[in-house]
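Student: With the sequences and hints as input, model every part of the structure.
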Amino acid sequence: MAQRKERIDRGIKVRSDDVFALTSWREMAYLAFPRVVPVVLLFLLGAVASIYWERVLVTTCMFALLAISWDILASAGMVSLGQALFFGVGAYIAGTLNHYFGISPWLTIPIATLGGGVVCTLVLLPVLRLRGIYFAMVTMILPLMIERVIEATKIFGGTEGISGLNTLGNVHTEFLVAAVMVWVVLFSFRRMMSTDYGLLLKGINDNDRAVMSAGMNIYYYKAQALFLSSAVGAFAGAFMTHAYQFVGMPVFALDYSIIPIASVAVGGAGTLAGPMLGSFILVPLSELLRGLGGLRVVIYAVILVVCTVGLPEGIFHYLSRKYNQFERWVKVER
Amino acid sequence: MLQGTLIYGFINSVVLMLVALGFSVTFGISGVANFAYGALYVMAGYLSWLGLHSLGLPYWLAAPGAVAITAGVAAMIYWFILLRVRGLVVSEVIATFGMGLAILELFRYLGFIGFEYTLPPLIDASVMIGDTYVDAQRLCIVGAGILLAAFLWFFTHYTKTGLAFRGIAQDERTALTLGINADKVAAWSVAFGAGYAALAALVILPLGTIAVNEGYNVLVNALAVCIVGGLGSTVGIIVASFLIGFAQILTATYLETSWMMLVSLVAILAILVIKPSGLFGHQKQLEERI
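Residue numbers (the numbering used here), protein chains in the order written: chain A, 133 to 466; chain B, -13 to 276.
Watch out, some of these pointers could steer you wrong.
As the list claims (entries may be wrong) - Taking CB as the label site, the calculated pair distances span:
1) A342(A) - G73(B): 57 to 65 angstroms
2) R460(A) - M62(B): 38 to 46 angstroms
3) T195(B) - E292(A): 23 to 31 angstroms
4) W461(A) - G73(B): 43 to 51 angstroms
5) R167(A) - G58(B): 44 to 52 angstroms
By construction, these hints were calculated from the structure, which means they are not laboratory data. Think of the CB as a built atom: it goes at the ideal place given N, C-alpha and C, for glycine as much as any other residue.
Tutor: Structure follows, in C-alpha cells:
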C-alpha cells in the first residue's frame, strides 16, 4: 500500500469565498485576519521602532514596491533583470526637478512616478515583442548602459550626482507615506490581478498565442503592464531620492535589480504579497549583515539561487496553503 | 590613421568573437543562457593569477589549470543547480545570473582590485605593420581567435562528443533514442563554453588588468554579439563581432572612448527592432522559440 498526500480546501475557505461570508463573524474574521494583521503590525512596528530602524522600514517598503513591480511585470510574461532601470529613472526625474527647478518633493514624486512610467515604457517599447531570456537580457543591459551614458556625458551631475535635495520632512512622515503607499499598491494590484484585466495579463504570460487568437492586441496590454510596473518602480526611486537627499549613478546599481528578484524568489512569484513578504525578510536581514560589506550581495545571490532551485514555490504559497487547506495521507492502490 | 583604425578594428572584432564564442556554444547546444559567463571569464583570470603569484606555478601549469578549474566549476553549476530547473527558462536565467553575481562579488569582497592583478603576455614584443605599432599579444589574440573558431568547427563536425553536441542541439528526444545522454552532454557543453571563456580570458586579459567589472562588460558584449548575430549561429557570431567591433573602434576614434560600450546597446536595440532573430538566427521569429 502506498500513500499519497491529499490537500483539500478548508470548509471555512470555501464558504468565505462567496458573498455569504458576510453572514458570519467567524468567516469574516477568517478573511480579515491575514489582511488586517500585517497592516496593523507594520504600523505598530513603525510606531515603536527607533529612528534608525524606522529608516530601515522605509527602505524595506521601497524594496517591497520594487519587488511588487517586478511581479506585476512577470505576471504579464516579462521577466526583468533590471528593476534598477525603473528605480533610477524615477530617482533622476525627481532629483533633477527638485534640484534645477526647486519643485517640492510632494510634487516631484507624483511627477516622477507618472513620468518614470512613461519614459520606461517608451524605452522598452521596441523590445516588447521579446519574451523570456531575450527581454531579460535587454533589461539587464539597460541600467548598466545608462550608467555609462551619465558617466560619459556628465549630465545631471555626472559621476558626482546631485546632493542636497529636499526631504519630505521627518522620518515619521516618510514612514507613513511609505507604509500607506505599499499597502495601497499591494491591495489595489492584487485586486486588479483578480479582475478580467488581470486574467488577461496572466493569459499573456501563460500562452500569448491563445490571447492573440482571442483577438486581443497583446502588445497593447503588455505596454500597459509595463507602464503600471515601471510607475511603481519609479515611485520607489523618487521616494528614496528624497529620503537620501541624493541622486547619482548608484541608483542604477545592481542592488536595486537583485534584491527585488531575490525577494520574489524567497516570497513566491505571482502573488504580489509574496514578493513583499520576501523583501520584509531580506532587507532587514541585510541591515543586520551590514558589517559584512560587499559580502551582502554575495549572500543575496546565494539566497536567490538556493530559493530558485530548492524552494521554487516561495514562502507565501506555503503559508497560504497551510492557512487555506488541510492535508491528510490517503492510501492508494498500486 | 585609417590603417591603424582598420588594424585595431580587426583586433577588437576578434576579441569580441572570442568572448562571444563560448556563450554561443553553450546556448546553441543546451539552450542554457549562461549569465554566469562573465563571472567565469574573470574567474579564469584570477585563478591563473593566483596560480602564478600565490602558488608560484610556472605559466604552462597555471594557465591550463585555470581553464580546467573554470570548466569544472561550470559543469558543477550545471549539474547541481541548472539540472534541477532545466527547461524553466526564467529560473535558469535567474539561477545563472545569481551564481555569476555571487562569484564576481565574492572576488570584489576578497579585495581582488588593483593594478597588480595582471597576467603576463604570451610574447612581450611589438611589431610594425605598415606604420602602426601592434604589440605581439594582440597578434596572439588574432591567432587564438582563428584557432579556437576553427577548432570549434572541427570539434563539432569530426569528434563523437562534438557530434553529440549537435545532436542534442537539433533534437534532444531523438538524440536520447540514439543513446546520447542529454544531461551529460549538456553539462559538457556548459563546461566547454566556460573553457572557451577561460581561454579567451587568458589571451585577452594581458592587455589590461583583471577587474571585477570586466565580468559585466564581457557578459554585455557576449550578449550583444549573440543577439545581433543570432543566438546559436556561429557564422552570425563572426559577422556580428566584426560589425560591432569595427563600429566600436570607429566610435572610439571619431567620437570618444567612453561611448564605446554604447555601440553594443544601440546594435542590440536596432537588431531587435528590425530583425529580432538576429542576422543569421536559426529561428524564423524569436517569438516562436521562447
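Student: Each of the hints needs a verdict: does it hold here or not?
Tutor: Right, here's what the structure says about each hint:
1. A342(A) - G73(B): 57 to 65 angstroms: violated, 20 angstroms
2. R460(A) - M62(B): 38 to 46 angstroms: holds, 40 angstroms
3. T195(B) - E292(A): 23 to 31 angstroms: holds, 25 angstroms
4. W461(A) - G73(B): 43 to 51 angstroms: violated, 30 angstroms
5. R167(A) - G58(B): 44 to 52 angstroms: holds, 50 angstroms
Checked against the numbered hints given earlier, the structure breaks hints 1, 4 and satisfies all the rest.
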